[in-house]
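Make the full structure from the sequences, and use the hints.
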Amino acid sequence: MRNSFVFILFSLIFVLCFNVSTAQNDILPYKDYEFIKYLIGNDMKEEALTWAKRDFDENKYEKPVADSVFFLKGWAFYSSKQLSKARECFDKVSNQSNMKTGAVFFSSLSSAYLEEYDLGVSNLENNKALLNNNTELYALEQAGFSLLKRDLKLYEDYSKNFSYTTYNLADKEKNLDSIFFSLKNYKKKSPFIAASLSAIVPGLGKVYAGQIGEGVSAFLTVGSFAAVTTENWIKHGFLNWKTLLFGSLGTVFYVGNIWGSAVSVKIGYDDFNEKQNISILYNIHLPLRNSFGL
Amino acid sequence: MAYNQNVFSLADKYFEDKDYSNAVLEYERVYFYAQNSETQKLALQKKALSYKKRGKYLLSAQTLERIPLYAMNLEEKDSVFYEKLLCFYLADDFISAENLLKNKSLDLEENSSNKTLLMEILVYNQLGNYSKAKDKLSEYYKHTSYLSDEDKSLLDNLYQNPPKQKKESTAKLLSFIPGLGHIYSGYWFEGFSAFVVNGGILAFGIYEVWKGDYITVWVAGAGLLSAAYTGQQKRAVYLSKKYNYLKNKSFNNEIKYLLLPTLKE
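Residue numbers (the working numbering), protein chains in the order written: chain D, 1 to 294; chain S, 1 to 265.
Some hints could be false.
In silico SDA-like links for lysine to any residue, alpha-carbon gap of 25 Å or less [as the list claims (entries may be wrong)]:
id, chain 1, residue 1, chain 2, residue 2
1, D, Lys37, S, Glu38
2, D, Lys37, S, Lys167
3, D, Lys242, S, Phe195
4, S, Lys167, S, Asp92
5, D, Lys235, S, Leu173
6, D, Lys242, S, Ala203
7, D, Lys81, S, Ser138
8, S, Lys211, D, Gly223
9, D, Lys45, S, Ile177
10, D, Lys45, S, Lys211
11, S, Lys52, S, Tyr14
12, S, Lys18, D, Gly223
13, D, Lys37, S, Tyr14
Rather than coming from a laboratory, the hints here were simulated on the basis of the structure.
Right, here's the structure in full:
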């Protein structure tokens, strides 16, 4: 009997010691909210990320505590641009949490940055009931997604909910409208026309693509080679080494310029789209940061 | 001791286990929750050391910058100053190291430890400020008994003939004659090549003028010559920088070879 008691006592001590050691390596959620806020606020992303990467057994804690940990982890990953992991953590925040609204918006925003627009939109739609108190913000985010997907008709539908007066949203709504008009009025240029123009007058295709400086430079380069080739051809004949050398070089530049003009139209289009996307993401990110950020 | 050792136990455990990422985080946590400035100071020092162990020297120096120096005694101030200087040196951030030296307080200047003096010599060497490095070395002699007379004599000889710096402006000016800037920096073959190439293009241009092919002269001659001429000027400036870098490196390595063993002291 006495031996059994001693055995149980030692077992208990062992289990308690083990738990203490585990708890020390744990994420310490009760204390961490202000600390992680401080880390992120002071740009100590690496430290926040180290914290976020630690194991966390949500079953050991009450739901509100687990929710706050998931939200903080989401933020830490989001701040370090680890967006898939951020979304994963934001999605784990339970519906009962008062952080759920922010978590839904930031999960969608992570999807937007990852260019997984459909996932972001469905996340917003699936949680629409939870976002009742933020209808205008919801409309702004959905409008942003519509622009990212280049669905201008859908944007017009969502933008009907813009009041243009709400603090924190008014500027962003106007900015999105301005992006909408840029996208609507953008005239897509043809690579074929650019190439044809450069074939007729070297550099003209680049001017058509909006790169005036490069167009002038191409015109001068090809023109100079043409002039040298012509001079040598007239004075020394077609088979003179200088005629052949400068003629060949000029031809390479001429053909290269035609190809470059066609490509520059595509590059110009991609640049335009990229700039618009950056601007859209900026305008849907800021209101969320101001409303739900740490 | 005004701090509670227990608050460091977890962070210290990570540090002992060489898990420096977690140690950095936990030392920051200690700093955040610390009740007094002593604990905060120690937490930042330990955090900086963790960064240093990870090879993140700039972050280590930046962490040390957060320690307020006003409440420290001279020995502590010197220790923090030394660590900062060492981290900037190891991070190859000599501009920050120079700024740190410029802003050194008078009390520290008069009471530098041996290791700080040693670091200052190395930093001034790296900056090419050999006269200042020599001054610091003279000061170092007074404090150390580890250097033998033979080593002192070798060091003095080295500082009597520090590497002469090639001026970038002179290299550029001399390259008015193609290749001369290269030769000034000690690159004879490259200088000769640059002269031949530029001379060849010029000769081609003159020949074309003589033949009356003016458009060819204008486009091929002038265009090529302009590219080759400005190119060799830039190269001459680059070579003068390369010369200085290599000479300084070789000189500094000799100094380091003689001085660093004295750190054992």
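Hints versus structure:
no.	hint	in the structure
1	D/Lys37 with S/Glu38	24 Å, holds
2	D/Lys37 with S/Lys167	51 Å, violated
3	D/Lys242 with S/Phe195	24 Å, holds
4	S/Lys167 with S/Asp92	22 Å, holds
5	D/Lys235 with S/Leu173	40 Å, violated
6	D/Lys242 with S/Ala203	16 Å, holds
7	D/Lys81 with S/Ser138	52 Å, violated
8	S/Lys211 with D/Gly223	22 Å, holds
9	D/Lys45 with S/Ile177	54 Å, violated
10	D/Lys45 with S/Lys211	70 Å, violated
11	S/Lys52 with S/Tyr14	15 Å, holds
12	S/Lys18 with D/Gly223	66 Å, violated
13	D/Lys37 with S/Tyr14	23 Å, holds
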